[in-house]
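Novice: All chains should be modelled from the sequences, with the hints used to inform the complete structure.
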Amino acid sequence: MNATLTTCPYCGTGCNFYLLTNAHGKLRGIEPAGHHPTSRGQLCIKGWNAHAFVDHPERLTAPQIRTNGALQTSDWATALDLVHSRLTSLAEQHGQDSLMFLSSAKVSNEENYLLMKLARAGYRTNNIDHCARLCHSSTVTGLVETLGSGAMTNSLSCFDETELIFVIGSNTTEQHPLIGSRILQAVRRGAKLIVADSRKIRLAKHADQHLRHQNGSDVALLNGMMQQILQDGLEASDFINDRCENLAALKTSLAAYSPEYVAKITGILPEQLVTAARLFASVNKAMIIYAMGITQHSHGVDNVRAVSNLALLTGNLGRPGTGVNPLRGQNNVQGACDMGALPNVYSGYQKVSDPETREKFSTAWGVRLPETPGLMSTHAIEAAAAGRVRGMLILGENPLLSDANQALVEKALRNLEFLAVIDIFPTETAQLADVILPAACYAERDGSYTSTERRVQRGRKAVDPPGLALPDWQIICQLLRRCGLQADYAAPSEVMKEIAALTPIYGGIAYPRLEPNGLQWPCPSSDHPGTPILHSAGCTRGKGLFSPVAYRPAKELPDAAYPLFLNTGRSYFHWHTGSMTRRSHLLDREERAAFVEINPEDAQKLGIIERQLVRISSRRGAIRCRAQLTDKVPPGQVFIPFHFAEGAANALTNNALDPEAGIPEFKVCAVRVEPC
Amino acid sequence: MLKQLNYDNLLQLLETISTDYALQVPTLLADGTRLLANYGSGELSLTGPPLQRKPTSAFFPQTELLLTIDVEGQVHLPQPEKPVALFGLDRTDLAALTFLDRFFCAPPADDIYQRKRDRALIISLTGSAGPERSFLPLTEDNCDIEMSAVNGQYLALGHSELGQGFLDGFADGDPQQLEDLRRESAQQVSPAELLQQASRLLSEERVPDRFWKEIADKCILCSGCNLACPTCSCFGVQDRQSGHGTERSRVWDSCQLDAFMREASGHNPLGSEQLRTRRRIHHKLVADVERWGELGCVACGRCDRACPVGIGMLAVAEEIVRRFN
Numbered sequence: 007m008n009a010t011l012t013t014c015p016y017c018g019t020g021c022n023f024y025l026l027t028n029a030h031g032k033l034r035g036i037e038p039a040g041h042h043p044t045s046r047g048q049l050c051i052k053g054w055n056a057h058a059f060v061d062h063p064e065r066l067t068a069p070q071i072r073t074n075g076a077l078q079t080s081d082w083a084t085a086l087d088l089v090h091s092r093l094t095s096l097a098e099q100h101g102q103d104s105l106m107f108l109s110s111a112k113v114s115n116e117e118n119y120l121l122m123k124l125a126r127a128g129y130r131t132n133n134i135d136h137c138a139r140l141c142h143s144s145t146v147t148g149l150v151e152t153l154g155s156g157a158m159t160n161s162l163s164c165f166d167e168t169e170l171i172f173v174i175g176s177n178t179t180e181q182h183p184l185i186g187s188r189i190l191q192a193v194r195r196g197a198k199l200i201v202a203d204s205r206k207i208r209l210a211k212h213a214d215q216h217l218r219h220q221n222g223s224d225v226a227l228l229n230g231m232m233q234q235i236l237q238d239g240l241e242a243s244d245f246i247n248d249r250c251e252n253l254a255a256l257k258t259s260l261a262a263y264s265p266e267y268v269a270k271i272t273g274i275l276p277e278q279l280v281t282a283a284r285l286f287a288s289v290n291k292a293m294i295i296y297a298m299g300i301t302q303h304s305h306g307v308d309n310v311r312a313v314s315n316l317a318l319l320t321g322n323l324g325r326p327g328t329g330v331n332p333l334r335g336q337n338n339v340q341g342a343c344d345m346g347a348l349p350n351v352y353s354g355y356q357k358v359s360d361p362e363t364r365e366k367f368s369t370a371w372g373v374r375l376p377e378t379p380g381l382m383s384t385h386a387i388e389a390a391a392a393g394r395v396r397g398m399l400i401l402g403e404n405p406l407l408s409d410a411n412q413a414l415v416e417k418a419l420r421n422l423e424f425l426a427v428i429d430i431f432p433t434e435t436a437q438l439a440d441v442i443l444p445a446a447c448y449a450e451r452d453g454s455y456t457s458t459e460r461r462v463q464r465g466r467k468a469v470d471p472p473g474l475a476l477p478d479w480q481i482i483c484q485l486l487r488r489c490g491l492q493a494d495y496a497a498p499s500e501v502m503k504e505i506a507a508l509t510p511i512y513g514g515i516a517y518p519r520l521e522p523n524g525l526q527w528p529c530p531s532s533d534h535p536g537t538p539i540l541h542s543a544g545c546t547r548g549k550g551l552f553s554p555v556a557y558r559p560a561k562e563l564p565d566a567a568y569p570l571f572l573n574t575g576r577s578y579f580h581w582h583t584g585s586m587t588r589r590s591h592l593l594d595r596e597e598r599a600a601f602v603e604i605n606p607e608d609a610q611k612l613g614i615i616e617r618q619l620v621r622i623s624s625r626r627g628a629i630r631c632r633a634q635l636t637d638k639v640p641p642g643q644v645f646i647p648f649h650f651a652e653g654a655a656n657a658l659t660n661n662a663l664d665p666e667a668g669i670p671e672f673k674v675c676a677v678r679v680e681p682c
Numbered sequence: 056m057l058k059q060l061n062y063d064n065l066l067q068l069l070e071t072i073s074t075d076y077a078l079q080v081p082t083l084l085a086d087g088t089r090l091l092a093n094y095g096s097g098e099l100s101l102t103g104p105p106l107q108r109k110p111t112s113a114f115f116p117q118t119e120l121l122l123t124i125d126v127e128g129q130v131h132l133p134q135p136e137k138p139v140a141l142f143g144l145d146r147t148d149l150a151a152l153t154f155l156d157r158f159f160c161a162p163p164a165d166d167i168y169q170r171k172r173d174r175a176l177i178i179s180l181t182g183s184a185g186p187e188r189s190f191l192p193l194t195e196d197n198c199d200i201e202m203s204a205v206n207g208q209y210l211a212l213g214h215s216e217l218g219q220g221f222l223d224g225f226a227d228g229d230p231q232q233l234e235d236l237r238r239e240s241a242q243q244v245s246p247a248e249l250l251q252q253a254s255r256l257l258s259e260e261r262v263p264d265r266f267w268k269e270i271a272d273k274c275i276l277c278s279g280c281n282l283a284c285p286t287c288s289c290f291g292v293q294d295r296q297s298g299h300g301t302e303r304s305r306v307w308d309s310c311q312l313d314a315f316m317r318e319a320s321g322h323n324p325l326g327s328e329q330l331r332t333r334r335r336i337h338h339k340l341v342a343d344v345e346r347w348g349e350l351g352c353v354a355c356g357r358c359d360r361a362c363p364v365g366i367g368m369l370a371v372a373e374e375i376v377r378r379f380n
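These protein sequences, in sequence, are chains A and B.
If you want our numbering, it's the position in the first sequence, counting the first as 1, plus 6.
If you want our numbering, it's the position in the second sequence, counting the first as 1, plus 55.
Don't read these hints as lab results, they were simulated from the structure.
Mixed in with the good hints, there may be bad ones.
Derived pair list, reagent style EDC-like, types lysine to aspartate or glutamate, alpha-carbon separation capped at 20 Å [to be verified]:
id, chain 1, residue 1, chain 2, residue 2
1, A, Lys211, B, Glu136
2, A, Lys638, A, Asp81
3, A, Lys291, A, Glu169
4, A, Lys32, B, Glu136
Covered by chain B, according to a simulated footprint, are these stretches of chain A (three or more residues, beta-carbon under 8 Å) [unchecked claim]:
id, region
5, 43 to 50
6, 274 to 288
7, 511 to 524
Calculated Cβ distances over 10 Å to all of chain A for the following chain B residues [claimed, not checked]:
id, residue
8, Met56
9, Asn64
10, Thr74
11, Arg157
12, Ser183
13, Gln232
14, Gln243
15, Glu260
16, Arg261
17, Ser309
All values derive from a computational prediction rather than experimental measurement.
For glycine and all other residues, C-beta sits at the position ideal for the given N, C-alpha and C.
Specialist: What follows is the structure, encoded as structure tokens:
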């Protein structure tokens, strides 16, 4: 047995494990890294099964080209020539911005950087984005404004010393299980826990307080807590005086948020709000943990601002055991953002609109670069549906299942004149492609990934890719060369050298320094030890900014025709669109088909029994799946995981977007449920 | 046959074994994890904490191809591989191996397991081989060579003919030294005592349902307790079809999962986390005792180390004894 240390391909926690291969070089198992600071000899069930899909017979093994409507096997040169010539001719006919590039939070930093370079320097468009648009674009926008950096401020080790953890909109034990377990460990040693979530998640069983506020009412809840803290005089005055600005405006904005007013909006009792506010403000060190429950709203950025305001108001920033801690969902969604797979920034969040930055990248890459920020992925889908975006290259994403309002996405993708998809499995999106390029998966290539705590760490190759499949970085390099750019990197480590040279926060990152446990950015120079805690001396932007926000309801609320709230998200056993987990035996066996969680009270009213097939419809579509009766969801709300193509939650969801971050309102729309 | 080997002799022995066997030795990996890996693939680690990966996985791996069925319907068994040699097992590892041997080799024997096991060479490693050369109690049986580190040397006792054959030619060992080690081993306190107490309390039904709810509420369903356990023997069967036919494999399973016993109808006799958590502990501490006459837990501590929320076997047993004794 051989053991190869690598980073888990699932969530953003950043666990490390060993891929175990047998004498024939076949992947046969997983062993958690015993001394890695994140995994510490432990994994969640997806980690323990992360080898299972790698050698699945449905892996893509050869390039395919659509000919007379059907996908036919091809060779690499033909397929890549076709991709390049079609993208080039569309750009010539309709302008560079008729192209869109979707990068991936599943591929390495180096691959994200190269795709960003391909879009900007190769095809001269800033139209590049990736699925952070659907998860934490609100965070990046909101926290850059208030603190100056859009990442988790603290480290996972902070759970060991915090006095209180406030989890809002994060089902942590299911979606970041090894972080969830740290929260449970903290509770066991005496830390307080407040959970704000409409669902009865596992953490709620261990919470000092569980606030079941209505989905979409986070701003009211957080504003109410802050107003109470101010009223009680529990704010951190010294911290605010020394390190923050704009308190007066915040105070004015909060005045209306009395416990009674908040109760009306959120559905929680006034005294619950008061107790939560006092508990939160009573400790010296509190961590706020949040995820999609905060970000996936048409007012997601406002939610993030409110979270940030609460941390600043109570001085919970820049110290161990505190912080604003957005949990990043994918293994490299932090890295994909860091690498500039975003329409408005190059790597390291350096703005496209800044002439000096543009000049720097332009000089390094040897081409003139486009000046105007590009399209967000959600806007690109709208543009494709309207015929303004005509060619798309999608790397390792499956928007047909993952984006809101599936009917619109399908119309958009079918409307494209050319679609190329690089992936490891024939996903629903790949089925619509004109060219499919087979990629190596995480276990088959080298690279680096950046976890939610900004830890840049290595992924390592343990086995060969199947058939003709190639590592993504090699595929992108082939296209870079076709664009006339140099791409002679011998290995991803060389790409990292280029990244470090152009990206101040990664300036000191180099492969030898990532052994064995990685480095946390910012790491600006080769002798810098990395930064476990951001904003310790001052905020990245200088003063912490109080950014006042007012409650705005979700865009679509239940009514007579569609009387129930729909909440969507992930389940514990599956991953996103299921392309990996539904091909992993144990995970697939655990949850084999689409389901909807419905409260027994609602089920009784609707005449629905356990496991009954039901029809769920919204203004955008309808699906069928089986009912799961559970008081995990409150009466009036149903929850559907979005993993299942045959019961796609996103056929129902609302693509109402946050005006600043462009994130869809995955967490709230109105549906009707009927027995089939 | 008792021999004494110095460090060079030991390397020489391993080198000899590796010519005919797929030899796995205690290896220190990049992040400090210590487990059995291919001889020569990393730093040989002769002292340290228990091997993280259960050594029984050499015979019952996490994923194992059982057979292939080609497009004509012909069944093909996997080609036999080089026999396995394992070096570095401690007393609990061997106890677990004995437990699994009994389970898989009892009639009707599991031929996949038995084929590998019958051809294997097992060498224990005890004595001054624990963390910072702390003492590990000797192993005695169910190995071919019993190796004990003492004063920088290795006492090697050949138990089987196969093991003795490999020891031919090395210098004789001092039987008194072995006797001293055995005496020291007998004085070691075993955590099995704690398990026996918990077992008794469970048998006497002194542990109420609310306790299991409390434990189950903490469980995040990682399945690590089962996967890390060297005596867990449950597996699921996975069939994968491709253009070349069907591959049937078995994969480690976990009784903590809902679908472990869920029926096609959706009914589940172990339909709650509370029931499944109780079963995990009860099975090893009560059911196995009734079936085999001994605990199903060898107190190796692997599940306690793999559990992210502190509800491994020893932790739960300790809690049971503390609260219900």
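Novice: For a quick check of understanding: which of the numbered hints are violated here, in increasing order?
Specialist: Checked against the structure, the hints that fail are numbers 1, 2, 6 and 17, while the rest are satisfied.
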